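Trainee: With the hints as your guide, set chain B onto chain A.
Number of protein chains: 2
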Amino acid sequence: MILNNITDILKKGKRFFLASHKEPDGDAIGSLLALGEALILSGKEVVLFNEGPIPDSIAFLKGIERIVNSFNPESESDFDALFVFDCGNLERLGRISLHLSNIKPLINIDHHENNSQFGDLNLVDINSSSVGEIIYRLIKLADLPMNENIAENIFVAIQTDTGSFRYENTTRESFAVASEMLGWGVNPWKISRKVMDEYTLKKIRLLKAALKTIELCHAGKVGLITITQQMFSKAKADRFDSERFIDYPRFISGVEIGVLIREIGKDYYKFSLRSNDWVNVADLASHFGGGGHPRAAAFTREGSLELVKQEFLNKAFGVLRNVRS
Amino acid sequence: MILNNITDILKKGKRFFLASHKEPDGDAIGSLLALGEALILSGKEVVLFNEGPIPDSIAFLKGIERIVNSFNPESESDFDALFVFDCGNLERLGRISLHLSNIKPLINIDHHENNSQFGDLNLVDINSSSVGEIIYRLIKLADLPMNENIAENIFVAIQTDTGSFRYENTTRESFAVASEMLGWGVNPWKISRKVMDEYTLKKIRLLKAALKTIELCHAGKVGLITITQQMFSKAKADRFDSERFIDYPRFISGVEIGVLIREIGKDYYKFSLRSNDWVNVADLASHFGGGGHPRAAAFTREGSLELVKQEFLNKAFGVLRNVRS
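From first to last, the protein sequence lines are chains A and B.
Each residue of the first sequence is one higher than the last, beginning at 0 in numbering that gives the first Met the number 0.
Each residue of the second sequence is one higher than the last, beginning at 0 in numbering that gives the first Met the number 0.
Just so you know, the hints here were simulated from the structure itself, not pulled from any lab data.
These numbers were taken from a predicted model, which means no experiment stands behind them.
Be aware that a few hints might be false.
[Said to hold, decoys possible] With a straight-line cut-off of 20 Å between C-alpha atoms, the simulated SDA-like cross-links for lysine to any residue are:
id : chain 1 : residue 1 : chain 2 : residue 2
1  : A       : 220       : B       : 188
2  : A       : 21        : A       : 97
3  : B       : 220       : A       : 199
Next comes chain A alone, as it looks inside the complex (with noise of 0.2 Å):
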C-alpha cells in the first residue's frame, strides 16, 4: 500500500527533493545517488541534499558532485515530494530540517527500528539491510532505468552498512541483490579496496596508539577502546580514520558489548556501541539520550573521561545482569 503510493509519485511526480543524514555513511550517500540517477535517467529534476561532511572513502562514487549541501527549499514550492533516506528522526538531516516545511509528501525512507515514523509516507523496513536495498526495490517497482552507476551506489549502500555482508542485517536479499549489482558490472574488489579497507599511514599510527588502550570490563563482556584528542592529533588523523576500530575491542571472544569512546571537544565523548548476540545497545545508548540500532547505537557525554566511562559501565552492569543473570 504504501509501496504502490510512494511508487506512484516516483512515476507521476517530475521534480524532487532527495536528502540523507549529515556525518554521512555509504549507506547515506548510497541511497541518495541510486535513486537521484535513476530519477534523472528518467527525465525527472532531483535536488540531492547531504549537509556533509562525506567521508574520503566514499567521496569516489559516482554523482557524487551532484550533492549540494546547502539550498533554501523556502523559496521554492514545485516539489512533488521530499525524500528522507536513513534518518531515524527529521533532525538527523542537520540544519535544513527546520526548513522543508513547505515540501509535501514528505517520504521517510528508513530502516532503524526506533524510527519516529515522521513522514507523511513511512516506509520503514527494520528487516531491510540497508536503506539501499529498499531503493532498489523501489526502482524496480517503479520501472526506473538502472546502470551500473546506479548499481555501484546500491553495492557500496548494502556492503558498507553489513560490515561486506557479516553482520545481523544480512539477509538472502542483501546477497541475491548484490549478485544482480554485479551483473550490471559492478567490481567489489575495486569498490571494497576503497569503502571498506583503505589505510594510510596516519590510520596505522592511530590504531597504534588506539590498541594500547584496549580493556576488558564486567568479566570480558564489555571491550573498550579510547581515543583522545590528544591522539587524534599526535597521529595527525582525524574522525574518519578510526571507522570501524571498534571491531576490534567488539571482536575479542567472550566480548558482548564493543565500545569505541572518542574525545571529540573538551570534556566531551562519543560512546560508539556495538553488540554481539543479545544487549539491545540503542536501549543502552537512550539511557544517556542516544539511539540507533539494537547491534550499533551511540551517544555523547560531557565530563571526564573517568567519570563519563564509570557512568557507562554501571548502566552497562546493570543491563548484563538484570537481563542474563
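Mentor: Relative to the frame of chain A, chain B by itself:
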C-alpha cells in the same frame, strides 16, 4: 564433459577418499565437509582426510570430527575415487601424497591458475571464487542432497576465500550461491564472527607489535609487515594469530604489493604476498620457489632477515619497473 564424468562417478561410486591441502583454510575444510556430508546423506561411504593443523577459527564447522589426519590408504583398495581439493599440486596434501597411487581415478578439483593438472580428471576453474563454489555446482549436478550443514560449509568456503565478498575473485555467482545458502538457514553473522573476525588478547598484542614494523618501499608501491619469533613469543601468540595481518600494509593507499614476513624458524622466513591491481605475485613467488594465485602467493627463504628481504625487494623492483615503466 569433465563435469559429466565427475558427476557420474559421484552418482555411481560407493566409497570415496576426499582430501584437501595441509595447513588448511576455510575453503579446504569447507569443501571437504560439504561434499563429504552430501555423499554420506546419499548412503555412500567416505574418508575425509586433512593433515592439519586446523585453525581454531574453523574448528567449529559442522562435521569437523569426521576429518582424520592419519590414514594408510595402501592397506585399502576399494575406493571408487580419490578427490583432491584446492591443491595446485599433489604435494600440497602433505606426507600422504606419496601413498595414494593405488586409488583411481584421481580427481583434481581446484581454482589455482598454476595447477599442475595432476589428476586423471582435472576440474580446474580459475574463475571460481573457491573450491566450495565448484562443490556446490557438483552437488546440484549430481543431484546430491543439501542441508544446513552443507550450506554452512559452502558459505564458509566462499566467504573465507573472498575475504567476505571483497577480493577480486568475488563474482556474481559467488553472491548468488551465498544467497541460496542463507535460504538453507546459514547465519552469516554467527559464521563471520568466528571465521573472519574473532580477536583474542594475544592476537591484539601481536598486532600492536607488528604494526610498528610496517614499512613502505619502492615509492610506496611495496608495503611490508614483519613478525619475528620473538614477537610471537612475547605476545604468547602463534602463526594463526597473524591471519590477515597482511591486509594492513596491503591496503595502505598507493601500495601495489603487500608483504607479510614471518620468521618460522632460525634464519628461516615465510613471505606471504598480495597484490592489488596488476602485479602477478604467483610469478614473483616462483622466482623463490613458491607459488599461488596472481593476487595471493607465498614462498619461504633461508638467510638473515636483512638479506632475504633485500633479495625480495630487488626482485620486486624489477617487476614494478619492467611491467609499467
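Trainee: Checking one constraint from the list: CA of residue 220 (chain A) to CA of residue 188 (chain B), max 20 Å. Satisfied?
Mentor: holds (18 Å)
Trainee: When you check the alpha-carbon spacing of residue 220 (chain B) and residue 199 (chain A), does it fall within 20 Å?
Mentor: Holds, at roughly 13 Å.
Trainee: Does residue 97 (chain A) sit within 20 Å of residue 21 (chain A), going by the straight-line distance between their CA atoms?
Mentor: Within the cut-off at roughly 14 Å; holds.
Consistency note: the structure conflicts with none of the earlier hints.
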